[in-house]
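K.L.:
Respectively, the protein sequence lines represent chains R and X.
Using my numbering, read the first sequence as starting at 1 and increasing by one per residue.
Using my numbering, read the second sequence as starting at 253 and increasing by one per residue.
Do not rely on the hints blindly, as some may be mistaken.
Unchecked claim - Mimicking EDC-like on lysine to aspartate or glutamate, the simulated pairs with C-alpha atoms at most 20 Å apart in a straight line are: (1) R:Lys32 / R:Asp123; (2) R:Lys13 / X:Asp521; (3) R:Lys140 / R:Asp157; (4) R:Lys32 / R:Asp162; (5) R:Lys64 / R:Asp108; (6) R:Lys25 / X:Asp292; (7) X:Lys379 / X:Asp479; (8) R:Lys64 / X:Asp521; (9) R:Lys25 / R:Glu71; (10) X:Lys261 / R:Asp108; (11) R:Lys140 / R:Glu163; (12) R:Lys140 / X:Asp471; (13) X:Lys460 / X:Asp471; (14) R:Lys32 / R:Glu175; (15) R:Lys32 / R:Asp241.
Unchecked claim - Examples of chain X residues toward chain R, derived with CB under 8 Å: (16) Leu265; (17) Arg270; (18) Ser337; (19) Leu339.
Read the hints as simulated data drawn from the structure, not as lab findings.
Here the structure is a predicted model, which means the values were calculated and not measured.
Think of the CB as a built atom: it goes at the ideal place given N, C-alpha and C, for glycine as much as any other residue.
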Amino acid sequence: MIQFINVHKTYPKQINRSPAQHALKGISISLKRGETLGLIGQNGAGKSTSIRLIMGYMRPDRGKLIVLGNENPSPATRRHIGYLPETSSFPPNLTCMELLRFAGRCCDMSNNTITERSDGLLDRLGIRDARNRRLSEYSKGMQQRASFAAALIHDPDLLILDEPMSGLDPIGRAEIIDLIHDLRRQGKSILFCSHLLDDVARITDDVAILHQGHVLYNGSIASLCSQQSVVQGATGISLQDAFVSIVKGYQP
Amino acid sequence: MNRIIALAKITFLNGLRRNAVWGLCIFALVSEICGVFFIDFFGHDLGRVISDFHFSIMWSAGMLFILFYAVQAIAWDDDHRIIDSILARPISRTEYVLGTMTGLSLLLLCFELLLAALAVAEIIWIKPVIGETYFPVFSMTHFSFAWIGLQLILLTHLGIVMLVSAAIRGAFPVMLITLAYSLICSGLPVVRESIGQQSEASAQGLDKILQGMNMIFPDFSLLDLKDSVLSNQSMEIMIGMPVWIPFSLMAVYLAIVLVLSCFIYQRRDIL
């Protein structure tokens with residue numbers, strides 16, 4: 001579904017601002033059909049840059065990025081991608097239903113299909129009663145759920161979830177995790193970014209650790225934890241401990 | 253086409269529900285109504301005063317809409333990531349430009365239509381009150397042409413906002429550049445006229461440069477047809493050319509601006 005092959009990306013120097021930033025330094029990771037991959041790293045590791053490359057907001061400077069079989073993804077590729085950004089930003093005076101209708105119309109869905117799917121999604125996400133209220137009146141958690149609904153309305157094959165638990169209370173988080181498990185069972189491919197490593201461990205089998213534009217690890221969580229257990233001479237290493245250990249042990 | 257229409261619809265709806273836009277609309281309507289009282293200060297040529305006043309209100313309100321609302325709606329910076337959410341859909345950058353432009357243009361035209369309707373109602377009401385001496389002629393056809401000319405000027409400014417937003421991040425720089433563009437377009441014909449009256453060779457060279465600049469900064473006075481509202485003469489005689497020529501040229505200029513916007517958006521990274 002997604003294949004990064006030695007991808008480099010540099011943000012150019014800006015006048016009177018920061019120097020050029022080499023955000024990705026030859027990363028190679030992949031996400032196959034039906035798999036769930038956790039993309040984790042510190043702030044500034046290159047996670048958002050990777051996501052922006054997948055979504056076609058930017059182009060890699062070097063290397064190849066293949067998304068859904070296309071080396072130069074066209075807008076039509078996004079018909080099969082559901083993207084939940086870290087920070088939702090929609091025209092604030094729209095209602096949730098109008099947003100979903102817009103998202104559906106962009107994917108050439110009929111009005112009946114949009115209505116059916118949105119009813120189900122909004123019910124599942126617990127914001128059906130608020131569907132005709134303006135998004136500006138929503139709480140952070142409700143906006144996150146509306147954003148999730150917009151990402152799922154067109155039944156995409158590939159989901160990119162960037163901090164999906166952001167702004168949610170514990171019950172909301174549990175509901176979203178349930179939903180993600182359901183989506184996994186449906187065979188969706190999911191790229192999951194989160195700073196909450198407990199959630200990453202619960203949801204994904206494989207993980208890619210980014211640090212300063214490099215991939216420090218790409219493989220299963222179990223393998224990572226047992227590797228770090230050997231390195232540290234301890235047992236019961238969690239993903240969190242393994243992550244901290246591998247990042248702190250990084251020598252450029 | 254579906255995606256362009258869908259994006260135009262949400263852009264239009266978002267703007268229609270914006271309190272600031274309604275505030276501007278109400279302010280402009282009240283200003284037009286107040287125009288009735290201002291004519292008391294003028295002793296003659298009241299028809300021209302009223303007509304110019306209404307066109308000035310429509311122009312000012314349109315420019316305020318463009319500089320303070322449209323710029324915010326289009327600009328993308330750290331605070332406004334709406335473009336991310338829109339381009340997360342299967343919408344191309346070209347469809348984004350055309351959809352956003354269509355939505356904002358519709359909103360602007362609805363706003364201006366409201367102002368024009370009030371202006372016409374006021375003019376038709378005032379004309380018999382003032383009498384033939386001070387307000388002899390009012391041509392609805394010419395008013396319509398003058399209104400269309402004004403809308404083309406405003407839509408061109410909106411196109412420039414789109415073009416500058418494609419190249420520059422941040423609402424404030426976009427607003428400044430659009431304002432500068434407007435001022436240059438207003439001032440350039442005056443400068444050219446002044447230079448044209450000089451006979452030195454250097455002035456001839458400068459005139460050529462200014463003529464070239466005119467292709468980038470068009471002379472909007474050809475579309476400023478408000479003087480024709482109070483005349484029975486045909487438009488062609490008043491402006492010295494068939495009326496479709498300046499309209500077509502401005503439409504072509506606007507199309508070029510939009511094509512350039514699409515080109516820049518296609519090429520650039522959305523950081």
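K.L.:
The structure should be examined with respect to each hint, and the outcome stated for every one.
P.N.:
Each hint tested on the structure:
no.: 1; hint: R:Lys32 / R:Asp123; result: violated, 30 Å
no.: 2; hint: R:Lys13 / X:Asp521; result: holds, 14 Å
no.: 3; hint: R:Lys140 / R:Asp157; result: violated, 27 Å
no.: 4; hint: R:Lys32 / R:Asp162; result: holds, 18 Å
no.: 5; hint: R:Lys64 / R:Asp108; result: violated, 29 Å
no.: 6; hint: R:Lys25 / X:Asp292; result: violated, 73 Å
no.: 7; hint: X:Lys379 / X:Asp479; result: holds, 16 Å
no.: 8; hint: R:Lys64 / X:Asp521; result: holds, 17 Å
no.: 9; hint: R:Lys25 / R:Glu71; result: holds, 19 Å
no.: 10; hint: X:Lys261 / R:Asp108; result: holds, 15 Å
no.: 11; hint: R:Lys140 / R:Glu163; result: holds, 13 Å
no.: 12; hint: R:Lys140 / X:Asp471; result: violated, 48 Å
no.: 13; hint: X:Lys460 / X:Asp471; result: holds, 15 Å
no.: 14; hint: R:Lys32 / R:Glu175; result: violated, 25 Å
no.: 15; hint: R:Lys32 / R:Asp241; result: violated, 27 Å
no.: 16; hint: Leu265; result: holds, 6 Å
no.: 17; hint: Arg270; result: holds, 6 Å
no.: 18; hint: Ser337; result: holds, 5 Å
no.: 19; hint: Leu339; result: holds, 7 Å
Violated hints, in rising order: 1, 3, 5, 6, 12, 14, 15; the structure is consistent with all others.
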